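**Q** Chains as they are written, first to last, in this note's numbering: chain B, 1 to 113; chain D, 1 to 111.
Hints listed in this document are in silico derivations from the structure and should not be mistaken for laboratory results. This one's a predicted model, so the numbers in the text were calculated from it and none came from an experiment. Hints are supplied without guarantee of correctness; some may be wrong.
As the list claims (entries may be wrong) - Result set (BS3-like, lysine-lysine): computed pairs, CA atoms no more than 27 Å apart in a straight line:
id: 1; chain 1: B; residue 1: K30; chain 2: D; residue 2: K69
id: 2; chain 1: D; residue 1: K106; chain 2: B; residue 2: K30
id: 3; chain 1: D; residue 1: K56; chain 2: B; residue 2: K101
To be verified - A few chain D positions that, by computed beta-carbon distances, are all more than 10 Å from chain B:
id: 4; residue: G16
id: 5; residue: A19
id: 6; residue: N22
id: 7; residue: K26
id: 8; residue: Q33
id: 9; residue: R41
id: 10; residue: L48
id: 11; residue: E53
id: 12; residue: E55
id: 13; residue: L61
id: 14; residue: D66
id: 15; residue: R80
id: 16; residue: D83
id: 17; residue: T84
id: 18; residue: S103
id: 19; residue: N108
To be verified - With the Cβ distance kept under 10 Å, some of the chain B side facing chain D (calculated, not the full set):
id: 20; residue: R57
id: 21; residue: P61
id: 22; residue: F69
id: 23; residue: P70
The beta-carbon is built from N, C-alpha and C at its ideal position, and this holds for glycine as well.
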Amino acid sequence: DAGVTQSPTHLIKTRGQQVTLRCSPISGHKSVSWYQQVLGQGPQFIFQYYEKEERGRGNFPDRFSARQFPNYSSELNVNALLLGDSALYLCASTGQGVGEKLFFGSGTQLSVL
Amino acid sequence: SQQGEEDPQALSIQEGENATMNCSYKTSINNLQWYRQNSGRGLVHLILIRSNEREKHSGRLRVTLDTSKKSSSLLITASRAADTASYFCATGGNNFNKFYFGSGTKLNVKP
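Starting from the given sequences, assemble the full structure and let the hints guide the process.
**A** Here it is as structure tokens:
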């Protein structure tokens, strides 16, 4: 079975641009979470979606938005990119249940110039 | 913040030695999990310990949890060069699946 897949793997943008990152969860998983990992730090929670509804939002500005589709795949959008948005963006899916283990994708490395 | 914090930040040992890393957190938790990350890519789940458990084993991994001290430790026995990676603890799960990660322990196992 395929794991969590993310696209693209690498992305280079300039300040002020907009970016869309995509994630497909493991088959049967209905929950998708997004995390931002800046170099040298741990992942920081951005969003969590379950059954196409937003269930949690981290401390990120409104420039960050996300959605989940009927097939449970998800997109993360970031508008008006800043240099500080350069990071590894990780998507994780979980099966049923609260607080169960996260299955991570390999991430999208975003560089903002 | 519930954020877990790992200690030490970096650890260098010889192959065959044991590696111990610690995690402290601030508020009550549903469970605590440990993850490994190689070369800045996706994290891999290692082990989950629930708040009503005190110790758990999985292969060469041993995790303990002390909820009174709000701390956990991860022991890797008989380490191998392939164990070289960053290790993170994650706390949370009270709010569905919102987890807080620490800054990690960077483990280097020398052959």
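**Q** Does each hint fit the structure? Answer for all of them.
**A** Hints versus structure:
A distance of roughly 34 Å separates the Cα atoms of K30 (chain B) and K69 (chain D); the hinted pair therefore is violated under the 27 Å criterion. At most 27 Å may separate the alpha-carbon atoms for a hinted pair to count; K106 (chain D) and K30 (chain B) exceed this at roughly 32 Å. Taking the CA atoms of K56 (chain D) and K101 (chain B), the gap is near 15 Å; set against the 27 Å cutoff, the hint holds. Taking the minimum C-beta to C-beta distance to chain B, about 28 Å, the non-interface status of G16 (chain D) holds against the 10 Å cut.
For A19 (chain D), the non-interface assignment is confirmed: its Cβ lies about 18 Å from the closest Cβ of chain B, beyond the 10 Å cut-off. In this structure N22 (chain D) is separated from chain B by more than 10 Å, as the shortest Cβ-Cβ distance comes to about 15 Å. In this structure K26 (chain D) is separated from chain B by more than 10 Å, as the shortest Cβ-Cβ distance comes to about 15 Å. Consistency note on Q33 (chain D): stated as away from chain B, yet its beta-carbon is not over 10 Å from all of that chain's, at 6 Å minimum.
A beta-carbon of chain B comes within 10 Å of the beta-carbon of R41 (chain D); the shortest separation is about 5 Å. With 10 Å as the threshold on Cβ separation, the claim that L48 (chain D) sits away from chain B is violated: the shortest Cβ distance comes to roughly 5 Å. The beta carbon of E53 (chain D) is kept farther than 10 Å from every beta carbon of chain B, the shortest such distance being approximately 13 Å. Non-interface call for E55 (chain D) relative to chain B: holds, since the shortest CB-CB distance, roughly 18 Å, exceeds 10 Å.
No Cβ of chain B comes within 10 Å of the Cβ of L61 (chain D); the nearest lies about 14 Å off, and the non-interface call holds. With 10 Å as the threshold on Cβ separation, the claim that D66 (chain D) sits away from chain B holds: the shortest Cβ distance comes to roughly 19 Å. The claim that R80 (chain D) lies off the interface holds: its Cβ sits roughly 22 Å from the closest Cβ of chain B, which is beyond the 10 Å cut-off. Chain B leaves D83 (chain D) outside its interface by the beta-carbon criterion, the shortest separation being 18 Å against a cut-off of 10 Å.
The Cβ of T84 (chain D) lies farther than 10 Å from every Cβ of chain B, with a closest approach of about 17 Å, so its non-interface assignment holds. Distance check on S103 (chain D): its Cβ comes as close as 5 Å (rounded) to a Cβ of chain B, failing to clear the 10 Å threshold; non-interface status is violated. The beta carbon of N108 (chain D) is kept farther than 10 Å from every beta carbon of chain B, the shortest such distance being approximately 15 Å. Hint on R57 (chain B) holds. Least Cβ distance to chain D is approximately 9 Å, under the 10 Å limit.
The beta carbon of P61 (chain B) is not positioned within 10 Å of any beta carbon in chain D (closest approach about 18 Å), and the interface hint is therefore violated. Among the interface hints, the one on F69 (chain B) is violated; its C-beta lies about 18 Å from the nearest C-beta in chain D, farther than the 10 Å criterion. Proximity of P70 (chain B) to chain D is violated relative to the hint, the smallest CB-CB distance being about 20 Å (cut-off 10 Å).
When each numbered hint is compared with the structure, violations occur for hints 1, 2, 8, 9, 10, 18, 21, 22 and 23.
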